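Those protein sequences? They're chains A and B, same order as listed. First residue of the first sequence: 9, per our numbering; consecutive thereafter. First residue of the second sequence: 9, per our numbering; consecutive thereafter.
Note that these hints are calculated values from the structure, not bench results. It is possible that part of the hints are untrue.
Stretch by stretch, here's where chain B covers chain A in the computed footprint (C-beta under 8 Å, at least three residues) [unchecked claim]:
(1) 22-28
(2) 55-68
Using C-beta positions, here's what the derived DEER-type ranges look like [to be verified]:
(3) A:Asp-17 - B:Arg-94: 56 to 66 Å
(4) A:Glu-79 - B:Glu-79: 50 to 60 Å
(5) A:His-105 - B:Met-53: 36 to 46 Å
(6) A:Arg-101 - B:Ser-40: 40 to 50 Å
(7) A:Gln-59 - B:Gly-77: 52 to 62 Å
What you are looking at is a predicted structure, and each value in this text was computed from that prediction instead of being measured. Cβ coordinates follow ideal geometry from the N, Cα and C atoms, glycine included.
2 protein chains.
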Amino acid sequence: MVVDSGVADADRVFHALADATRRDILTRVIRSGMSVSELARLYPMSFAAVQKHVVVLERAALVSKTRRGREQIVRGEVEALRRVARLLDGYERLWRHRAAAIEEILEEEQ
Amino acid sequence: MVVDSGVADADRVFHALADATRRDILTRVIRSGMSVSELARLYPMSFAAVQKHVVVLERAALVSKTRRGREQIVRGEVEALRRVARLLDGYERLWRHRAAAIEEILEEEQ
DNA sequence: CTAACGTACAACCACATGGTTGTAGATTCC
DNA sequence: GGAATCTACAACCATGTGGTTGTACGTTAG
Chain A
9 MVVDSGVADA DRVFHALADA TRRDILTRVI RSGMSVSELA RLYPMSFAAV QKHVVVLERA
69 ALVSKTRRGR EQIVRGEVEA LRRVARLLDG YERLWRHRAA AIEEILEEEQ
Chain B
9 MVVDSGVADA DRVFHALADA TRRDILTRVI RSGMSVSELA RLYPMSFAAV QKHVVVLERA
69 ALVSKTRRGR EQIVRGEVEA LRRVARLLDG YERLWRHRAA AIEEILEEEQ
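Turn these sequences into a full structure, and let the hints steer you where they fit.
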């Protein structure tokens with residue numbers, strides 16, 4: 009299937025997005041890079057929990073980390089974001105076209 | 009957060025999409041409605057497993073079922089698909105804009 | 001040098017997930 | 001009416017997930 013080139017990728021990406029904390033981390037980190045502990049302070053959970061969320065986002069290639077001294081700066085991955093956008097585009101277009109086609113049929117039937 | 013009106017919805021939707029079988033079911037039933045057992049025949053797993061996948065898609069409001077005799081016809085939910093498209097649009101635009109802004113900064117710095 | 005900080009990771013827990021088999025209720029076919 | 005079909009759902013199992021605490025290690029600040 010065209011849209012599913014890289015099924016595991018899609019799995020990882022959608023799974024990474026299926027958690028409100030991770031979506032929030034992602035949007036923050038796209039705005040500007042933040043260290044893991046800076047992120048950790050924002051949420052009502054332990055450092056370790058947030059660190060794990062970052063790992064999930066990392067494995068989905070949605071963020072990357074770069075050392076700055078003893079800190080690890082988390083950033084939204086511009087290239088990966090393009091990939092996701094394209095992935096979403098694929099589904100979106102596919103679904104919209106099909107949904108549109110269904111609507112036409114429904115309208116014709118009336 | 010604007011894009012997160014309905015966090016649980018987004019959770020359910022992304023989670024529903026984070027499985028290749030469910031994405032395949034979804035694209036098929038958008039094309040044309042199919043009974044649960046027709047779907048079940050397509051995958052190397054039990055009827056019950058497929059039925060559960062359909063339930064997950066249903067809870068995410070991505071599909072709906074309507075009885076036809078003893079069969080239950082699964083269809084892609086046109087209205088819900090619009091909602092998803094809008095949801096994806098929101099993230100996509102948000103991310104693209106931010107990604108674009110980051111790129112500009114990076115280019116300026118060079 | 002030492003203390004504090006930032007990170008990584010292991011071990012553990014409760015619960016969700018994705019799969020199985022089995023059973024039972026409707027509906028249709030003959 | 002009786003058999004076959006389609007669906008729903010419970011019970012069970014292995015594994016994954018999201019959280020915790022504790023520990024270890026590198027880096028920076030005093």
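Hints versus structure:
1. 22-28: holds (count 6)
2. 55-68: Violated, because only 0 residues of the segment 55-68 of chain A bring their Cβ atoms closer than 8 Å to Cβ atoms of chain B.
3. A:Asp-17 - B:Arg-94: 56 to 66 Å: Violated - the Cβ-Cβ distance for A:Asp-17 and B:Arg-94, about 24 Å, lies outside 56 to 66 Å.
4. A:Glu-79 - B:Glu-79: 50 to 60 Å: 59 Å, holds
5. A:His-105 - B:Met-53: 36 to 46 Å: 29 Å, violated
6. A:Arg-101 - B:Ser-40: 40 to 50 Å: About 18 Å separates the Cβ atoms of A:Arg-101 and B:Ser-40, which means 40 to 50 Å is violated.
7. A:Gln-59 - B:Gly-77: 52 to 62 Å: 54 Å, holds
Hint compliance for this structure: hints 2, 3, 5 and 6 are broken, all remaining hints hold.
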